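Peer 1: Listed here are the chains, written in short residue letters.
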Amino acid sequence: MSEPLLEVADLRIRFHTRRGVASVVNGVTWSVRPGETVAIVGESGSGKSVSTLAILGLVPQPPGEVSGSVRFEGRELVGASDADLRRMRGNDIAMVFQDPMTSLNPVLTVGRQITEALELHLGLRGDAARRRAAELLDQVGIPSPDRRLDSYPHQMSGGMRQRVMIAIALACDPKVLIADEPTTALDVTIQAQIVELIDGLQAERGMGVVWITHDLGVVAGLADRVLVMYGGQVVEEAPVSRLYASPAHPYTQGLLAALPVLGEHRDELQTIAGLPPDPSDLPPGCLFWPRCPKRLDARCQTERPVLRPAGPDHRVATFYDAGSEVASGA
Amino acid sequence: MGAVAVSRQQRWLAFLRVVVANRLAAAGLVVIVLLALAAIFGEFLAPYPPSDLDVTSRLQPPSGAHPFGTDELGRDVLSRVIVGARVSVQVAAIAVGISLVAGVLTGLVAGYYGGRVDTVLMRLMDVLFAFPAILLAIAILAVLGPGLTNAMIAIGVVFTPIFARITRASVLSVREEVYVRAARSLGASDARLIALHVLPNVLAPVIVQTSISLAFAILNEAALSFLGLGVQPPRPSWGRMLFEGRGFVRQAWWMAVFPGAAIFVTVLSFNVLGDALRDALDPRQKSAIEARGGGGPA
Amino acid sequence: MLLGVSVLVFLLVHLVPGDPIRTAMGPRYDPEVYQRLSERAGFDQPLPVQYGQWLAGAVTGDLGVSFRTGRPVMGALLERLPATLTLAFASVVVALLIALPLGVLSAVRSGSKLDYAATVFSQVGISIPDFWMGILFILVFAEYLQILPASGYASLLDDPVAWLRHLLMPAVTIGVVSGSILTRFVRSSVLESLGQDYVRTARAKGLSERVVVTRHVLRNALIPFVTVTGLQLATLLGGVIIVEFVFAWPGLGLLALQAVDARDYTVLQGAVLLIATLFLLINLVVDLLYAWLDPRIKY
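Chains as they are written, first to last, in our numbering: chain A, 1 to 330; chain B, 1 to 298; chain C, 1 to 299.
Note that these hints are calculated values from the structure, not bench results. Computed from a prediction, not measured in an experiment: that's the story for all the values here. Hints may contain errors.
[To be verified] Derived CB-CB ranges, DEER-like:
1. A/Asp138 - C/Leu157: 55 to 65 angstroms
2. C/Tyr144 - B/Leu37: 32 to 42 angstroms
3. B/Ala191 - C/Thr69: 53 to 63 angstroms
4. B/Asp54 - C/Tyr144: 21 to 31 angstroms
5. A/Gly126 - C/Leu289: 26 to 36 angstroms
6. C/Leu85 - B/Leu186: 51 to 61 angstroms
7. C/Pro46 - B/Ile40: 44 to 54 angstroms
8. C/Val285 - B/Phe44: 52 to 62 angstroms
9. B/Gly114 - C/Leu3: 15 to 25 angstroms
Yeah, the Cβ is synthetic: ideal placement off N, Cα and C, and Gly gets one too.
I would like the entire structure built from these sequences, with the hints used as guidance.
Peer 2: Here it is, written out as structure tokens:
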């Protein structure tokens, strides 16, 4: 297997606010290889988006505080100089954001927003930059790309805008693409198109893709590996098929149970009761304890579980053991 | 009703907390209290009767006997500044009172009834708004003639549109709320609906605007008196004193400097307090500040 | 809008208690002149007819004659217009020179000492009476340092240096007050724009902070700012009127105040109408500028 492109190790992010310190990401470790798709799944507030912003050095410090390690092709990015980070952003690692309605600048043409990255990292100017930008629009499936270069974002539909965002991200042939819920704000049919588009582009280019989502359903057809985040921690990590077949963490089990199944009628959608933990007031024990249907009182409440093996390439952070329950029940 | 009362009480508590936490706002409040005292008890606080002429001590620079010096007629500038507070407070309070009542009523009616009533009323407000405030006040005073009462009316008229606009905007946002529509469908009368449901929601922005308007009313009154259109001598007023002092800038700087400083400090206090009020009472502004202070991309 | 303004301006004069011509003439009352002025003013006609005549005249540039001097009002206004336009324009320049850099810097370095200083400056600027600041300037620069003239006006064409020396203090007085208000608006609109998603996109492209601010933030921040500036010009024009009085600057504001003093109502009427028209014109320009800045708006 090839060397990892991007390695995140024990990443921690805290925000200093007037109400105290909020620990948003609490020791996260993962990596992505060329051609691989890693999905990071979690509710909003689980720290999944912030941790990817930290990779690009886009967490404002202060009030933020980032520690741990992020390596791109072996180079350390945490604490790297602003100039080094800028050279890497959009060039080696690019990002597609959640809301294409607000993520494009309303007063600049689409073409300008693509060419500025080409100008910066590849030194392309004038006609050359324009030609390349049109190629990119073509690649992301925008019809009559030449004419579209002079459009403003408000003249395009949401799906088209997200394609533009992808074109911007791909402009400089990045080795890693981080997609932060790129389909959440779109219609279901458009969602499928965007997923397909990114999947195809990845196959073509051999990029590593980090796909952030709150929806385990999106992940199924597209990821190689899945990380489930809760309260700023990775609580479970497994190859996608294994995760679906035998989820080991009660939280993952809850997420899967909440998925609507096509053709199956349910009287009510199952959800996990309760709220995610307040990052400025984390409980001492397992972060999921207050909502956990399988909790074992004393230990879960006082001791925080760490990731432990739960099968081939499968790790989980819980004291609950699905196997033992079956065993003891027998 | 209980819920509304609690939230209002909480807002006032929030305001008090802001005042205590913000030393600037506290200082502003102190100045305003002093100003009110000066306005009420001016003659008792002033070291000299404000209109006492003393030809033997004309144009005296500041000294122990006359901390702010004396003017061209030998009157004590400090005493006149203290007593002059009354005109400022009186004109500002009554003028803002006029615009508050007129503007809020206009805004309520326009916003609540909408349609043609709204169009006509707000057009009228727009027309008033199309003039620089001071120009309109000058024109009104030119017609009514100079004087204290007319200055109040002029400033009151000039400040009406802003209250009307703010009120109308709040009313529009409340009018379609579910609970208001529910109350209407239950047969509540318009007056009852406005008093019980619409007015409380209009309150916060109006209170903030009142504080800001007081500051500008004091500025405008001083400007009008400075132009000779406001208070007529011999009644001491800060604007008028500045006008007189302007003629003696070369010989007696204190005649212009101290009354102007009094206007400045007063207006500053109202503005600082207005900002604190806004922070405490206007939820939108408050959330903007919290977003800046805490949290981050998540 | 302009129609509403004209009705209001017209009514102002006709609501004057008593006989405005007689009042205006004061002790120099001359029955023959009175008769002539009275006929010219058409006071014997019903009000709507008078308004129609006045408006028809105003549209063609005839605003009647001064009750005091008998001269055409339009001539007097045009004579004073350049001085007011000069002062207003110079003040806007000063205000923008203060507000744009200060507002942008304090937003970009929000929470810094510079931001705090800018906040204090704008609070002071908003609260300070412009006429007092003008007097303080005169005290310091004209009386004490004696480096600038205390009052008056010089034509740019006759003597550019004198023109600038006379212009400096009044323009700075108005500019500081307007500039401090605008600083707040610049700061808040830049802050708002900085928090937008497209700024994050721009940063994720690897653009430097300078390019992010100049290319992505500023243009967007200017859109709300331009609207506010248009409204702010009303305050600025108000400041012009008072500051013209402080520095004896022979513009429309001073003319209006002299007309109030002399009870010369036709001149006052004309001056108020012209200033209000100027204000509306400026706002029209602002609307056009707005459309030009924001591609989402098309007229």
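Peer 1: Kindly confirm whether 52 to 62 angstroms is satisfied by the beta carbon distance between valine 285 of chain C and phenylalanine 44 of chain B.
Peer 2: holds (55 angstroms)
Peer 1: Check the following: the C-beta atoms of alanine 191 of chain B and threonine 69 of chain C are separated by a distance inside 53 to 63 angstroms.
Peer 2: Because 55 angstroms falls inside the window, the suggested range holds.
Peer 1: Per the hint of 32 to 42 angstroms, is the separation of the Cβ atoms of tyrosine 144 of chain C and leucine 37 of chain B within bounds?
Peer 2: holds (35 angstroms)
Peer 1: Do the Cβ positions of aspartate 54 of chain B and tyrosine 144 of chain C conform to the proposed distance bound of 21 to 31 angstroms?
Peer 2: Taking Cβ atoms as reference, aspartate 54 of chain B and tyrosine 144 of chain C lie about 28 angstroms apart, which means the hint holds.
Peer 1: Taking 51 to 61 angstroms as the hint, is the beta-carbon distance of leucine 85 of chain C and leucine 186 of chain B inside that range?
Peer 2: holds (59 angstroms)
Peer 1: With 55 to 65 angstroms as the target window, see if aspartate 138 of chain A and leucine 157 of chain C comply at their CB atoms.
Peer 2: holds (60 angstroms)
Peer 1: Would you say the C-beta atoms of glycine 114 of chain B and leucine 3 of chain C sit inside 15 to 25 angstroms of each other?
Peer 2: With a Cβ separation near 23 angstroms, glycine 114 of chain B and leucine 3 of chain C satisfy 15 to 25 angstroms, so the hint holds.
Peer 1: Is it true that glycine 126 of chain A and leucine 289 of chain C lie within 26 to 36 angstroms of each other by Cβ?
Peer 2: 29 angstroms Cβ-Cβ, so the 26 to 36 angstroms window holds.
Peer 1: Can you tell me whether the CB distance of proline 46 of chain C to isoleucine 40 of chain B sits inside 44 to 54 angstroms?
Peer 2: For proline 46 of chain C and isoleucine 40 of chain B the Cβ distance comes to about 50 angstroms; the hint holds.
Hint check: no violations occur; every hint is consistent with the structure.
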